[in-house]
Amino acid sequence: MTEPLMPAQDTPIYDLIIVGSGPAGLSAAARASALGSAHLLLEADTKHASDTIFKYQKGKHIMAEPGILPLRSDMSFSVGKREQLLSTWDAELLKLQVNIAYGKRVNAIDRDASTQLFTVRSEDGSTYLSKSVVLGIGLQGNIRKTGTPGEDHARVQYTLADPDEFVGETIIVIGAGDAGIENALALANQNKVYLMNRGDEFVFCKDGNRSLILAAEKSGKITICYSANTVRIEDSQGSAPLNFVFNGKEGETSIPCHRVIARLGATPPRKLIESFGIVFPNANPTSVPVLSESYESNVPGLYIVGALGGYPLIKQAMNQGYEVVHTILGQPVEPVDEPLLRAKFKAWKPAASVSLVIDSIMQNVPLFKGMSKLQLREFLLESNLLTPTAGSVVFKKFDYTNTFYSVVEGSVDVEVVGADGKPKTITLEQGKYFGEMGLISGRRRSATVRAGQACVLLETPRRSMLKLISAVDDVRAQMDEVFVRHAIANYIGPMLTPESIDALIAGSVQMRRYNTNEVLFRDGDSADGLYLIRRGSVTVSKLSEGKERILSYVSAGNYVGEMALLSDAPRSATVTATVMTEALILNGESFKQQLAANPALRVAIEAKTLQRTQNNVMLEQSTGRESDLMRFLLGQGVGEASDVLLIDESLCIQCNNCETACAETHQGTSRLKRELGPSFANIHLPTACRHCEHPHCMKDCPPDAISRSQQGEVFISDACIGCGNCERNCPYGVIQMAVQKPPKAGGGLLWTLFGLGAAPGQRQADYDPNALKKAVKCDLCKDLSGGASCVRACPTGAAIRISPEHYFKNNSLR
Numbered sequence: 003m004t005e006p007l008m009p010a011q012d013t014p015i016y017d018l019i020i021v022g023s024g025p026a027g028l029s030a031a032a033r034a035s036a037l038g039s040a041h042l043l044l045e046a047d048t049k050h051a052s053d054t055i056f057k058y059q060k061g062k063h064i065m066a067e068p069g070i071l072p073l074r075s076d077m078s079f080s081v082g083k084r085e086q087l088l089s090t091w092d093a094e095l096l097k098l099q100v101n102i103a104y105g106k107r108v109n110a111i112d113r114d115a116s117t118q119l120f121t122v123r124s125e126d127g128s129t130y131l132s133k134s135v136v137l138g139i140g141l142q143g144n145i146r147k148t149g150t151p152g153e154d155h156a157r158v159q160y161t162l163a164d165p166d167e168f169v170g171e172t173i174i175v176i177g178a179g180d181a182g183i184e185n186a187l188a189l190a191n192q193n194k195v196y197l198m199n200r201g202d203e204f205v206f207c208k209d210g211n212r213s214l215i216l217a218a219e220k221s222g223k224i225t226i227c228y229s230a231n232t233v234r235i236e237d238s239q240g241s242a243p244l245n246f247v248f249n250g251k252e253g254e255t256s257i258p259c260h261r262v263i264a265r266l267g268a269t270p271p272r273k274l275i276e277s278f279g280i281v282f283p284n285a286n287p288t289s290v291p292v293l294s295e296s297y298e299s300n301v302p303g304l305y306i307v308g309a310l311g312g313y314p315l316i317k318q319a320m321n322q323g324y325e326v327v328h329t330i331l332g333q334p335v336e337p338v339d340e341p342l343l344r345a346k347f348k349a350w351k352p353a354a355s356v357s358l359v360i361d362s363i364m365q366n367v368p369l370f371k372g373m374s375k376l377q378l379r380e381f382l383l384e385s386n387l388l389t390p391t392a393g394s395v396v397f398k399k400f401d402y403t404n405t406f407y408s409v410v411e412g413s414v415d416v417e418v419v420g421a422d423g424k425p426k427t428i429t430l431e432q433g434k435y436f437g438e439m440g441l442i443s444g445r446r447r448s449a450t451v452r453a454g455q456a457c458v459l460l461e462t463p464r465r466s467m468l469k470l471i472s473a474v475d476d477v478r479a480q481m482d483e484v485f486v487r488h489a490i491a492n493y494i495g496p497m498l499t500p501e502s503i504d505a506l507i508a509g510s511v512q513m514r515r516y517n518t519n520e521v522l523f524r525d526g527d528s529a530d531g532l533y534l535i536r537r538g539s540v541t542v543s544k545l546s547e548g549k550e551r552i553l554s555y556v557s558a559g560n561y562v563g564e565m566a567l568l569s570d571a572p573r574s575a576t577v578t579a580t581v582m583t584e585a586l587i588l589n590g591e592s593f594k595q596q597l598a599a600n601p602a603l604r605v606a607i608e609a610k611t612l613q614r615t616q617n618n619v620m621l622e623q624s625t626g627r628e629s630d631l632m633r634f635l636l637g638q639g640v641g642e643a644s645d646v647l648l649i650d651e652s653l654c655i656q657c658n659n660c661e662t663a664c665a666e667t668h669q670g671t672s673r674l675k676r677e678l679g680p681s682f683a684n685i686h687l688p689t690a691c692r693h694c695e696h697p698h699c700m701k702d703c704p705p706d707a708i709s710r711s712q713q714g715e716v717f718i719s720d721a722c723i724g725c726g727n728c729e730r731n732c733p734y735g736v737i738q739m740a741v742q743k744p745p746k747a748g749g750g751l752l753w754t755l756f757g758l759g760a761a762p763g764q765r766q767a768d769y770d771p772n773a774l775k776k777a778v779k780c781d782l783c784k785d786l787s788g789g790a791s792c793v794r795a796c797p798t799g800a801a802i803r804i805s806p807e808h809y810f811k812n813n814s815l816r
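Its first residue numbered 3, the sequence shown is counted upward by one per residue in the numbering used here.
Label pairs and their computed distance ranges (CB to CB):
(1) Arg604 x Asp237: 48 to 58 Å
(2) Thr429 x Gln656: 49 to 59 Å
(3) Lys811 x Gly735: 24 to 34 Å
(4) Gln159 x Lys371: 31 to 41 Å
(5) Lys147 x Phe282: 12 to 22 Å
(6) Lys147 x Glu219: 20 to 30 Å
(7) Lys147 x Ile804: 42 to 52 Å
(8) Glu94 x Thr13: 25 to 35 Å
(9) Glu651 x Lys371: 57 to 67 Å
(10) Gln159 x Lys811: 47 to 57 Å
(11) Asn519 x Lys811: 19 to 29 Å
(12) Leu98 x Asn366: 43 to 53 Å
(13) Ala609 x Ala571: 13 to 23 Å
(14) Ile804 x Asn519: 19 to 29 Å
Cut-off 25 Å, straight-line C-alpha distance, at most; resulting in silico cross-link-like pairs (DMTMM-like, lysine to aspartate or glutamate):
(15) Lys399 x Glu483
(16) Lys208 x Asp706
(17) Lys194 x Asp166
(18) Lys701 x Glu203
(19) Lys375 x Glu438
(20) Lys594 x Asp530
(21) Lys147 x Glu276
(22) Lys610 x Asp530
(23) Lys147 x Asp53
(24) Lys701 x Asp209
(25) Lys675 x Glu651
(26) Lys348 x Glu461
(27) Lys194 x Glu153
(28) Lys424 x Asp504
(29) Lys49 x Glu125
(30) Lys57 x Asp164
(31) Lys434 x Asp415
(32) Lys434 x Asp401
(33) Lys469 x Glu203
(34) Lys194 x Asp237
(35) Lys398 x Asp781
(36) Lys57 x Glu167
(37) Lys208 x Glu67
(38) Lys273 x Glu125
(39) Lys399 x Glu807
To be clear, the hints were calculated from the coordinates, so they are not data collected in a lab. Idealized CB from N, CA, C, for every residue including glycine.
Work out the full structure: start from the sequences and follow the hints.
This is the structure in structure tokens:
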């Protein structure tokens, strides 16, 4: 560390120096100027302020997220174009008389413990003294690369200044954040664009961008590849100069292209920051410095705001810049999110300060200890604090909810079946969490949970929890460990003791992801372990008379591969993923040891094996129709459904009662199209909602109007704003936009006897055709005690509503 500068008599000492004129730095400098403080804003660029915004692509549309937070700053900020925002800020810099120095790239900051003054040095040799320093330098200097062969190819770039430079090219954009989405949208007007999303949905972008990219995909302007991980980028001798190779849902795929634009974010300039004396919590290059709630680092008087502190959104950064100046000048203001959090905590600790409540939550729930208090504040804004009465049901077994719960105080009781087959209660004390099985697998709840005495729970939405798991490595590691333990207990059975589970985990458990139609293992392979299906579904098939015949369908929450382990023989069938599937693989030798040591476990596994063997023999001896039907339905995406409408065309008389009854039940708009949809033999799959385990329609609903009821129905509430995102997201075309029609006059008996009013299923066209259309879809007639009206109205029993696993099981036993 360099020696601190001893102040000369004519050397000015500033109250604060702000390093970096991004949104946070500008806001801080503007507030310091407004309060009359001696301040200096240092900007590395020689010509303009806010270099981060300046480097945005030309014409970029800037959003004012998050919408829940108000703006607190002397600088203006609202939705608009890049150029407009920069022009406004340049004018306000002059108007507010901000003291800014350009061309000052800071390379050293030292604090003198005796004088408590900071010496700030820049690369041009300038030196400044200050009582406090605010770092707002962002992350732009440390761009994250693909980490694969070809990442430094001349046609691979990590920024995009002007999308109009490229015309008529095939371009791969990597990254599902705001930058990647905006680049893809801007390029799509005059190029063929593929967007690579490593996840299954868009978690890290603004709602508006999510809507735009999904609309572009629906219209065919952009092709989105999900679960896509770059393998390599190589030269090509074909029509395009590059070949982009990635591993996606369909396995390894290559796309000829002209260039690759990777927008993978950036990591903190760690070496520089650590040279200032600032400490990071761990060695992970993506981790952010440890900060107090007032944004102060471990170095007294040295503060960090904006993206460097983990807050990349412009409005958040500007609010922090405003607040930190008040803290430094001894005039602290209440954080802008304080009233929102206070309202959430009122039911638990109405008299306690927000800071004290956050401390309590962090102390009580070890899962959150790897988060900073600032990260936890943001997480709590998206969660709900519950204080249920003792004995009340949190959720029931077989419910289809997918929120995540943390026990902040008190306890909950989990009702399960013991090894003796009798009901048993397991108590989860303060600090534990539950609900991760439904969160990850998308399946029904595996147990009933009731609140204990003095119970306080934190309920977190699925998307917020997935975002946290992706962002904080410590949380992800803890979640994976507990999920594995719970999965083994739930999937294999209650005869496993905690010691047996420990032994299985010690013997190694691997988590593998398989793309659609990817083989988990083949007939004749040696047995490497027991496969627990934690997400998705698989088929078990065998080659018969030269044709691969499907023997069974296995959904998440079950296991495969036990037969070879019991008999110590090669695999007797091929197991293939029907959709994107995740499996936990228990080491084969460790599992065999548990079979030998636990007779009850062996008996249970042998019983299941016997049942499966009998079913397989029956199917192998059949005509093959059942196998072909199963293959057809799974090829239509039924594998990801939880409840599907099927029509037996050998019984259907085409009366259309099903569609008419649906329309009559739902204000004149039928939610199913009987004639549409594919058929195989006598089985017809009409266009109607399948109520997917991981609903595509729920991925981007701005008002959060799409929910899944505890019974599994996916439905749309009155909160719908008619944006059409769900209609675009659904790959099965089962959502439509419709006008809310008024109640009809007459109908029913009056129409039957006298022809008064509209016929069943119809409405008079007396509504405004220009009225706002809202999304409608099948809700399984969830508010009717008799069940789906389409099924009840069928006079021959041709129409049924059934889960795929039940249908395949019943069909195989015919």
